[in-house]
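**Q** In the order they appear, the protein sequences are chains A and B. Counting from 1, position 393 in the first sequence corresponds to residue 393 in the numbering used here; the numbering is continuous, with no gaps. Counting from 1, position 145 in the second sequence corresponds to residue 145 in the numbering used here; the numbering is continuous, with no gaps.
Think of the hints as simulated: they come from the structure by calculation, not from any bench. In this text, a Cβ means the ideal position worked out from N, Cα and C, and glycines have one as well. Accuracy of the hints is not assured; some may be wrong.
[Stated by the list, open to error] Sample of chain A residues at the chain B side, in silico, Cβ under 8 angstroms:
no., residue
1, 68
2, 71
3, 289
[Claimed, not checked] No farther apart than 27 angstroms at their CA atoms in a straight line, the calculated lysine-lysine pairs in the DSSO-like style are these:
no., chain 1, residue 1, chain 2, residue 2
4, B, 240, A, 319
5, B, 47, A, 403
6, A, 87, A, 116
7, A, 319, B, 110
One letter stands for each residue in the lines below.
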Amino acid sequence: MKNKIITVFLAIFMILSFVACGTTNNTANNTANNATDNTTDNTNDINDTKDIENSSVVNLTFWHSMDGSYLDIVNEQVKTFNETVGKEKGIFVTAVFNDWPGTESLTTAMANDDIKNMPDVIQLYNESVSVVRNYDRLVWAEDYLNDASSEITKDDLLANAVASFAIDGKSIAVPYNVSALLLYYNKTILEAAGYSAPPATIAEMADMLPELTEYSEAEYGLNVCIQQFELNNYIATQGSTGSYFGNNESGHNGYMTALACADDGTLMNFLNEWKKVIDSDSYKAVKDSYNEEFATGINAMLMTSSSRIKSIEELVDGKFEWDVAPIPKVSADDIGGAYASGGGLFMLDRDDDAKIKASWEFIQYMVSTEAQMKWAGGTGYVPVNVNIVEKDEYKSIIENNSKFSVAYEVLVGSSINEVGAFCPASDNIDTIVKEAMVAFAGGALVDNTYNAIVDGCNNAMDDYYRVNPIE
Amino acid sequence: MRKTKHIKTKHVKTGKEVILQVLYILIGMIMVSPILYALSVSFMENKDVLTNPINILPPSITLDNYKTALTRTPLLRYILNSTIVSLVSTISRIIMGSMAAYAFAFYDFKGKKILFALAMATMMIPPDVLIIANYGTITKLGLTNTFLGICSIFLVSANNMFLLRQNFLSYSKSLKDAAYIDGCGSIRFFTKILIPTSTPVIITLFISSFVSVWNQYVWPMLITKENEMRTVQVGVAMLKDRESSVFAPTMAAVIIALIPTVLIFIVFQRKIVAGMMDGAVKG
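With the sequences and hints as input, model every part of the structure.
**A** Right, here's the structure in full:
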């Protein structure tokens, strides 16, 4: 018996050694019958069902970082493109998943200028723009959006979302899956505490919180962990036209090298107001399971991305009434709203003009009303194409569930100055803000928190530019 | 001839032994409880996972999570990929490690200490530091999206070599001398005496190497650009949801991904015990 097992394993090892020495197994996805690979670096698998006769098809690689149920939607969008526009124009797209934020594989390929293993189109978030903004192979979307023959122009897209992916007024990418920071509130609990509407300002919210826990079984009135995303929103939504988190318009007009909110008073304004929330003793400052804790009534209110609307709806499952609203303002005079956060589609030049043209065709489809409709009904992502509001299908979605329209209306009403910051060292800055705000909730003074955020973030940016000097 | 009468003495368990056994069972249950809970969660509906109070057992059993795990990602293909990578890497590690350990344990040659020190020094370099350099090397060799490319950095382990060397050092030199006198050459000594008597150590290293390579995530993610070449850990990552805590399908994928490693352990665990009972010629 022992010899048999050893023999079997040695045989498997020998077979696997031959397999391991083999070259790429290049089977494409379900629609492989229509595509052939016109790049020179891949070999066809013997069992591949590709149609080798059709050699004029342009193969594109699309890297994304959508997981879970969002992965299904992306795959559906790509499949529909391949079967419609792609088939008509001779383009075939293969979607490849890369874990969020999607930059690890890209940066290793960039470091080695490994264009063979780069994508043609990649989905990146605001936080990752610093990685690619100076990359020679990045193809800016500006010229394509302004081209007369283009089916999609800036006017077709949410102004706030376009601004979120613009540098010096020029579009570096096209917004794709966009969301807004919203306040989720348990209507049943609010009504039990005597409130018919969600709070409009932070001060109102702070007054409300103790009563929410008093008149319900909720442990906390509000749960939100203030990190760079939330803080950026609270800075951006101040003033009559919005404010900037970082200097140089948060990196949209030059490079962000320091915190602008430290100098213009917006950070201190926010911290002073947020102190009231902390002093309510009904605020949870850490992030455990946002969705589940709200859905089980542990927290009466929650602040998080609109993209979670669908997930929370499934979890709540009719147990109580709930809704979403714009985040409470710092001051009643502020513009409020939110900035368009989320991912955009970036094009890369792999020394193939045909692929660049095909990439633009693909991107135009992905921001079309048809593709964006899949975000509208299936998630809380905001459709970036403004023409969607005229579509009957979208009207029907909103009629059935008005929550899906709140984020769209928030972004439409927000100023184009309300943008996400192109932070260098975004991970470090996120950690610095999070730790400072958790310590603030734990009893740190306003001034100490202010200094921790300002000094920490400025030092992080200095360190970043020391290693990556601005050219 | 007088027959000796065997008197069977019944071993009466003392109270202390019973308590110890109960304690061992409890410790074992505590150690395996996360996996048992993962199994339970894999059969729950997502809304039943994080509740107040928490559900230990599923209020209602559903197989939807397993369907999601198997349909949303080509999980079985990923498991096959991981199995290939883990088996090839582990077997290579055992072969290379044991041969190197044999040389370091039984032979004296010029530069032996320096070579050994250099091999050990590789253990002190954090793997993340080498990722970009390794990526550059592998891509220049044209090995991206290949099993060999994925296995490349896992084929040899200085840790395995060190452990085997320490095991081989416990053998008396006179054992090799006796074998030599009897006409046993170096390779025959290695294959017929040394390896068979080191079975428990080798199998232990096999299991730990297999699990270690099975759990790799970053390198397989970086070196593969096609979904079909990904490994199981990447597949599990695809099921989680950044915008929510979708534990149930993720746990279903984890349970499916655990099966090969558990099978490996079951197949080889007897060998570890059996090998311990084997003796060798003592010098």
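**Q** Hint by hint, note whether the structure agrees.
**A** We went through each hint and held it up to the structure:
At its closest, the beta carbon of residue 68/A sits 3 angstroms from a beta carbon of chain B; the interface hint therefore holds under the 8 angstroms criterion. The closest approach between the C-beta of residue 71/A and any C-beta of chain B is roughly 6 angstroms, which is under the 8 angstroms cut-off, so the hint is satisfied. A cut of 8 angstroms between beta carbons decides the hint on residue 289/A: the least distance to chain B is about 5 angstroms, and the hint holds. At most 27 angstroms may separate the alpha-carbon atoms for a hinted pair to count; residue 240/B and residue 319/A meet this at roughly 25 angstroms.
At most 27 angstroms may separate the alpha-carbon atoms for a hinted pair to count; residue 47/B and residue 403/A meet this at roughly 20 angstroms. At roughly 24 angstroms between alpha-carbon atoms, residue 87/A and residue 116/A fall within 27 angstroms of each other, so this suggested pair holds. Our distance criterion of 27 angstroms between C-alpha atoms is broken by residue 319/A and residue 110/B, whose separation comes to about 77 angstroms.
Consistency note: the structure conflicts with earlier hint 7 alone.
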